[in-house]
Each structure stands twice: as structure tokens, then as C-alpha cells.
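Quick note on this note's numbering: the sequence shown kicks off at -7 and runs consecutively.
The hints are simulated quantities; they were obtained by calculation from the structure and are not laboratory data.
Heads up, the beta-carbon is just placed ideally off N, CA and C, and yes, glycines get one too.
Be aware that one or more of the hints could be misleading.
[Claimed, not checked] Straight-line alpha carbon distances no greater than 27 Å define the calculated DSS-like cross-link-like pairs of lysine-lysine that follow:
hint, residue 1, residue 2
1, Lys133, Lys107
2, Lys107, Lys118
3, Lys133, Lys118
[Claimed, not checked] Simulated DEER-style distance windows between Cβ atoms:
hint, residue 1, residue 2, range
4, Glu80, Tyr114, 20 to 26 Å
5, Ile84, Asp112, 16 to 22 Å
6, Phe139, Ser56, 28 to 34 Å
7, Trp66, Phe139, 18 to 24 Å
8, Glu30, Arg83, 23 to 29 Å
9, Glu109, Arg76, 19 to 25 Å
10, Ser(-4), His45, 16 to 22 Å
11, Gly111, Asn10, 26 to 32 Å
12, Gln81, Gly0, 17 to 23 Å
13, Phe(-1), Gly29, 20 to 26 Å
14, Glu109, Glu41, 23 to 29 Å
15, Asp112, Leu12, 22 to 28 Å
16, Ser(-4), Asp112, 33 to 39 Å
17, Thr63, Thr138, 16 to 22 Å
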Amino acid sequence: QKNSLIFGALASLSGRWNSLPMFRARHAVSTRYLRNGEIEEGVWEIIAEFFEHVGSCLEAEAISPEILWDTYSWYIENYWLIIRETVEQLRIEDDDPTYYERFEQLFKRMTNIAKQEVGDHYFRDKDALRNFCIAEIPLAKAGIGTFSPTPSSSIITT
């Protein structure tokens, strides 16, 4: 029964991660970051909220860290590093250190697993983030293309 709960959690996460709003957010954040090192205002939260939820699933032991590492670590590690400064600034401005803390803890867990799998030399730098965005933009565009035509108010920018 536990396996069916894990697979149910994975299916639910996959559905959200591969949804039209998420593909749009991923495209917008990656495009803006690649263009000027900034993130898309009002859009990055969609990604952060998703990973906050993933962190809650991990905390509740609804899914194992190894399965999450196999499935989402590439995204978790890169998106956290892309939005980290913005989150840290919000924590200071609002005097609330809990903003996206599950996402941050998830990042730390995934990074620790990566170091175990790859070695202590594992790290993500600005070039790695740039390469991530270069790969993520066409992936998100392709995902958007699997849905019916979108209204002109789409958040996708070229």
C-alpha cells in the first residue's frame, strides 16, 4: 500500500510540474534569468510554491529523498539557486525566515545526495545555471506546445 501512495504522490507532482501554468513559469523564469541574471517578478513563486509542496511531501515521508533526487533534483538545485537571493531578500524585508524554507531544505537534501552520488567536487556555478536555462527554455516551450493554443495574454516572452 505504501508503494501505491508513493506512486500516487509522484503522479500528482508530475501533473503539476508538467501543467501549462508551470511550463509558462519555467519558460519565463529561465528566459529572464538567461537574459539578464534576474527572475520574472510574480512568476517565480509558481515554481517556488511547487517545490515548497514537494518539500512538504518529503517531510511527511510521502516520498523518498532518493526518488525525488532521481526525478526532480536537477530542477530543485537549479531553481533554488536562481531564486535564492530573491527569497533571502523577502525574508529580510518581511522579517520572516520561514519563506520557502521547505524548498531550501529540499535543495540541501538534494545537494547532499548529489555529492554522495557524484563526489565532493559537485557544485552549481553561474555557468551551470546558464546551461540549465539554455536547456530548460526549449523544454518548457515544447511542453507549452502540447497544450491547445494559448490566449495572447500568455506570460511567455521571446
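Now for the hints, and whether the structure bears them out:
A C-alpha spacing of about 31 Å is found between Lys133 and Lys107, which places the hinted pair above 27 Å, so the restraint is violated. About 18 Å separates the Cα atoms of Lys107 and Lys118, which keeps this hinted pair within 27 Å; it holds. This hinted pair checks out: Lys133 and Lys118 have alpha carbons roughly 23 Å apart, not beyond 27 Å. A C-beta distance of roughly 22 Å is found between Glu80 and Tyr114, which places it inside the suggested range of 20 to 26 Å.
Here the CB-CB span from Ile84 to Asp112 is close to 31 Å, at odds with the stated 16 to 22 Å. Our hint of 28 to 34 Å for Phe139 and Ser56 holds, since their Cβ atoms are close to 31 Å apart. Evaluation of the 18 to 24 Å hint for Trp66 and Phe139 yields a pass: the beta carbon distance comes to about 23 Å. Taking 23 to 29 Å as the suggested C-beta distance range, the pair Glu30 and Arg83 does not conform, at roughly 18 Å.
Distance hint for Glu109 and Arg76: a CB-CB separation of about 22 Å, consistent with the stated range 19 to 25 Å. For the pair Ser(-4) and His45, the beta carbons lie near 20 Å from each other, so the given range of 16 to 22 Å is met. A hinted range of 26 to 32 Å holds for the C-beta pair Gly111 and Asn10, which are about 31 Å apart. In this structure the hint that Gln81 and Gly0 lie 17 to 23 Å apart at CB is violated, the actual value being about 36 Å.
Separated by about 38 Å at the C-beta atoms, Phe(-1) and Gly29 break the suggested range of 20 to 26 Å. Checked against the given bound of 23 to 29 Å, the beta carbons of Glu109 and Glu41, roughly 27 Å apart, stay inside it. Between Asp112 and Leu12 the C-beta distance comes to about 39 Å, which lies outside the given range of 22 to 28 Å. As the Cβ distance of Ser(-4) to Asp112 is approximately 37 Å, the hint placing it in 33 to 39 Å holds.
For the hinted restraint 16 to 22 Å between Thr63 and Thr138, the CB-CB distance of approximately 19 Å keeps it satisfied.
Checked against the numbered hints listed earlier, the structure breaks hints 1, 5, 8, 12, 13 and 15; every other hint is satisfied.
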